Amino acid sequence: MKKSVFLGALTVAGLTAGAAVAGTMDDVKARGKLNCGVTTGLVGFAAPDANGEWKGFDVSVCRAVAAAVLGDQNAVEFVPTTGKTRFTALASGEIDLLARNTTWTFSRDVDLKFEFVGVNYYDGQGFMVPKGLGVSSAKELDGATVCIQTGTTTELNLADFFRSNNISYEPVPIETNAEAQQQYLAGACDVYTTDASGLAATRATFEAPGDHVLLPEIISKEPLGPLVRHGDNEWGDVVRWSLNALIAAEEYGITSANIEELAKGTNNPEINRMLGTEGTLGEMLGLDAEWAKRAIAANGNYAEIFAKNIGEDTPVGLARGLNAQWTNGGLLYAPPFR
Amino acid sequence: MSDVSFVRTEMLPEKAPPPTSAGAIGWARENLFSGWFNTLLTLASLVVVYYVLSAIVPWILSPTFSGTSLGQCREMLAAAGQESGHGGGACWGVIRERWIQLMFGFYPSELYWRPIAAFVLLAVALAPILFSDKVPAKLIWFSAAYPFIFPWLLWGGAVWGPISAAAGFVIAFVVYRIVSQSMSDLIGLVGGILVALIWWLVLSGIAVSALDSILPIGLEPVESRKFGGFMLSITIGIVAIACSLPLGIVMALGRQSDLMIVKYLCVGFIEFIRGVPLITLLFVASTLLNIFMPPGTNFDIILRVLIMVTLFATAYMAEVIRGGLAALPKGQYEGADSLGLDYWQAQRLIIMPQALKISIPGIVSTFIGVFKDTTLVSIIGLLDPLGLSNAIRADANWNGIVWELYGFIALLFFVFCFGMSRYSMYLERKLQTGHR
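Protein sequences, first through last, are from chains A and B.
For the first sequence, numbering that gives the first Met the number 0 gives the first residue as 0, with consecutive numbering after it.
For the second sequence, numbering that gives the first Met the number 0 gives the first residue as 0, with consecutive numbering after it.
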């Protein structure tokens, strides 16, 4: 039967190729499941636990969208993707949404025909060195050996940084973060460079984290965010505003603890519009009135998700930094719900 | 003159050899200390062995089986007085917590009996093939049915799916018999294949849904996305191994065929597949096919990988078997001809038994290679043991654990590969009819 399905699919392929995609939202609703692309594993952002349940910062975005669209945060099929397969998986329709710490760049947005719906984490490339090296700035790294993952934007950023500062370095190419940890600890390189969130997570696993310092320079902008296919704006809007709802919820003080109470109606019209007691925002999106309420109730607002997965009380231990609300000097700024 | 000569009338009993040349001491003298140079080498080797073991054994014997995170393991090691540094001791808690995941991936835990049953039945199905002299011959019928039972157990679904797939073969055979008796063999073969294709592509789907609505017997379906860990590796390995041997034989024969089109098709296939790395084929399976197919088509990723790995293994198998064919003296072919056997009879009775026997080491090493190559699927995002090891490290509790996971995975792979290798040696001894 499998074979007949497959061969039948091939035949149908010839007939329907080129036919425009029906709305992704209709597909998702018909399927009853959201296919969400995540990494095959990144500390704090996405990982399966011992029971095979996916958890993490990016995973929470998938769950919020599933809760908003389907009413069930567990109606998600997590599709692990690697750096090499993620874009084809999205372009081919294998996944509806890619939430895989992917940097928003011009060429990915324009040339690869994707739509970044927002930023859920502002990252940047940093450096980690052993304290014993006695270095306090990346500009003192002249002649250092640097562990660097090949084929990533970090490799290009590194070359740019050293060239513009007119200092030299010797790259030690490595393939995975696990390999980098081993090489760095074994002293094969003086410096390890990758996204600052990754460096923090790596340092936290060390026997003596205090013996290693993260240098103050952040040499690149890495806005990480969920993305969808170009050209399906209705679906893009759903994902964009689900993410915005999480961010705005923090700003207006809506948490998973008090959401039931606030959903009964408040004096703040913005909260009322978000939670569906006033206005018709849900209807405009093609969803019901309580979509945002469900998205927030799933795993809490942005602050709660951050604190639970990568915040200062977790082993990853990241400070909010750029990822604080604009009212607290960060970059998170959700447009008004109006 | 007295003629008293001393003649011993009975043999003296054998004396035990001197203690220095018997038993453990004798063995050591002969093999380890038979000269000053060998003595020196032995002592040097002992020192090396001691250093290696003194580093590894305490690491393995670390009391961290109940640890729940890397940090806790380190505390336990410190409490046990072992050096807690990098080489101080293993953190076995990760294996205790995740070994089931490494075995079954995300397969629903209440359904674990199904893959277990599939692999136990696999042993039963293989017995008449691997140990034909030790089990009842009737068991071969079960082996024939097993290719239909295996996917049904793993993927689930209605029982009518595999039955209708099997029915396709029966229909093809019946058509072949009827047509080949009334017309020619070739028309019978083509007709049989055509009817079977029509059955599989068009009719079986209707028949399955009709039967399913009348008598819905089946297992709960499990999606391919839930497959992972060793279960995934073994599934890919078994399918590739089981399909590549017959396909490889056909390809090897096709390559030696006198029919030009058949020959060049086979040569082209073998050379193309062998000229391309497996990882390229896997990328074609995971990304290119996705782009060729219309959006929304759901062509199972594991099925795609199975097809690619099977094709890859087939090309190598064909060349190994061609080696066996080439090693047969020409007289064997001529002898078969002189007995009046036709092509297929000659292959079945004379050529293949000898050629396959010669190729056993090559065939088994191809099997082992294919089984190990299944770990490459981690690169296209399938969570085989190596992919899972990365996912496990992404758990904040276990981030930084490397050796324990890789060691455990290596051990399991070693068990399977060593088993295959020992079986091939057994088979070679059993079939030893050589002229030595």
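Any given hint might turn out to be false.
Heads up, simulated DSBU-like pairs for lysine-lysine below, C-alpha to C-alpha not over 30 Å straight-line [as the list claims (entries may be wrong)]:
no.: 1; chain 1: A; residue 1: 263; chain 2: A; residue 2: 83
no.: 2; chain 1: A; residue 1: 28; chain 2: A; residue 2: 263
no.: 3; chain 1: A; residue 1: 54; chain 2: A; residue 2: 112
no.: 4; chain 1: A; residue 1: 220; chain 2: A; residue 2: 112
no.: 5; chain 1: A; residue 1: 83; chain 2: B; residue 2: 133
no.: 6; chain 1: B; residue 1: 371; chain 2: A; residue 2: 83
no.: 7; chain 1: B; residue 1: 137; chain 2: B; residue 2: 371
no.: 8; chain 1: A; residue 1: 32; chain 2: A; residue 2: 83
no.: 9; chain 1: A; residue 1: 263; chain 2: A; residue 2: 130
no.: 10; chain 1: B; residue 1: 137; chain 2: A; residue 2: 54
no.: 11; chain 1: A; residue 1: 32; chain 2: B; residue 2: 225
no.: 12; chain 1: A; residue 1: 28; chain 2: B; residue 2: 225
no.: 13; chain 1: B; residue 1: 225; chain 2: A; residue 2: 307
no.: 14; chain 1: A; residue 1: 130; chain 2: A; residue 2: 28
no.: 15; chain 1: A; residue 1: 130; chain 2: A; residue 2: 112
no.: 16; chain 1: B; residue 1: 133; chain 2: B; residue 2: 225
no.: 17; chain 1: A; residue 1: 112; chain 2: A; residue 2: 32
no.: 18; chain 1: B; residue 1: 137; chain 2: B; residue 2: 262
Counterexamples of contact, computed for chain A against chain B with all Cβ distances above 12 Å [as the list claims (entries may be wrong)]:
no.: 19; residue: 266
no.: 20; residue: 272
no.: 21; residue: 319
Just so you know, these hints were derived from the structure itself, not from any lab.
Remember, predicted model here, so these are calculated numbers, not experimental data.
Cβ atoms here follow ideal geometry from the backbone N, Cα and C, with glycine treated the same way.
We went through each hint and held it up to the structure:
For the hint pairing residue 263/A with residue 83/A, the CA-to-CA distance comes to about 46 Å; that exceeds 30 Å, so the pair is violated. Between the alpha carbons of residue 28/A and residue 263/A the distance comes to roughly 27 Å, so the proposed pair stays at or under 30 Å and holds. The hinted pair formed by residue 54/A and residue 112/A meets the criterion: a straight-line CA distance of about 28 Å does not exceed 30 Å. Note on residue 220/A and residue 112/A: the hinted pairing holds, with a Cα-Cα distance of about 21 Å set against a maximum of 30 Å.
Between residue 83/A and residue 133/B, the direct Cα distance comes to roughly 49 Å. Violation of the 30 Å bound is thereby established for this hinted pair. At most 30 Å may separate the alpha-carbon atoms for a hinted pair to count; residue 371/B and residue 83/A meet this at roughly 22 Å. The hinted pair formed by residue 137/B and residue 371/B fails the criterion: a straight-line CA distance of about 33 Å is larger than 30 Å. With a C-alpha separation of about 24 Å, the suggested pairing of residue 32/A with residue 83/A holds against the 30 Å cut-off.
Annotation: proposed proximity of residue 263/A to residue 130/A is violated, straight-line Cα distance about 54 Å (limit 30 Å). Restraint check for residue 137/B and residue 54/A: the C-alpha separation of about 51 Å exceeds 30 Å, so the hint is violated. Proximity of residue 32/A to residue 225/B is assessed by CA-CA distance (about 15 Å); at most 30 Å being required, the pair is judged to hold. Using a Cα cut-off of 30 Å, the hinted pair residue 28/A and residue 225/B holds, with the two alpha carbons roughly 21 Å apart.
Distance hint between residue 225/B and residue 307/A is fulfilled; the C-alpha atoms sit about 26 Å from each other, no more than 30 Å. Proposed proximity of residue 130/A and residue 28/A is contradicted: the alpha carbons are some 53 Å apart, above 30 Å. The straight-line distance between the Cα atoms of residue 130/A and residue 112/A is roughly 44 Å, outside the 30 Å bound, and the hint therefore fails. Between residue 133/B and residue 225/B the CA atoms are separated by roughly 37 Å; this puts the pair beyond 30 Å, and the hint is violated.
At most 30 Å may separate the alpha-carbon atoms for a hinted pair to count; residue 112/A and residue 32/A meet this at roughly 24 Å. Restraint check for residue 137/B and residue 262/B: not satisfied, since their Cα atoms lie roughly 37 Å apart, outside the 30 Å limit. No Cβ of chain B approaches the Cβ of residue 266/A within 12 Å, the least distance being about 40 Å, so the stated non-interface status holds. The Cβ of residue 272/A lies farther than 12 Å from every Cβ of chain B, with a closest approach of about 34 Å, so its non-interface assignment holds.
Consistency note on residue 319/A: stated as away from chain B, and its beta-carbon is indeed over 12 Å from all of that chain's, at 18 Å minimum.
Figure legend: structure checked against the earlier numbered hints; hints not met, in rising order: 1, 5, 7, 9, 10, 14, 15, 16 and 18.
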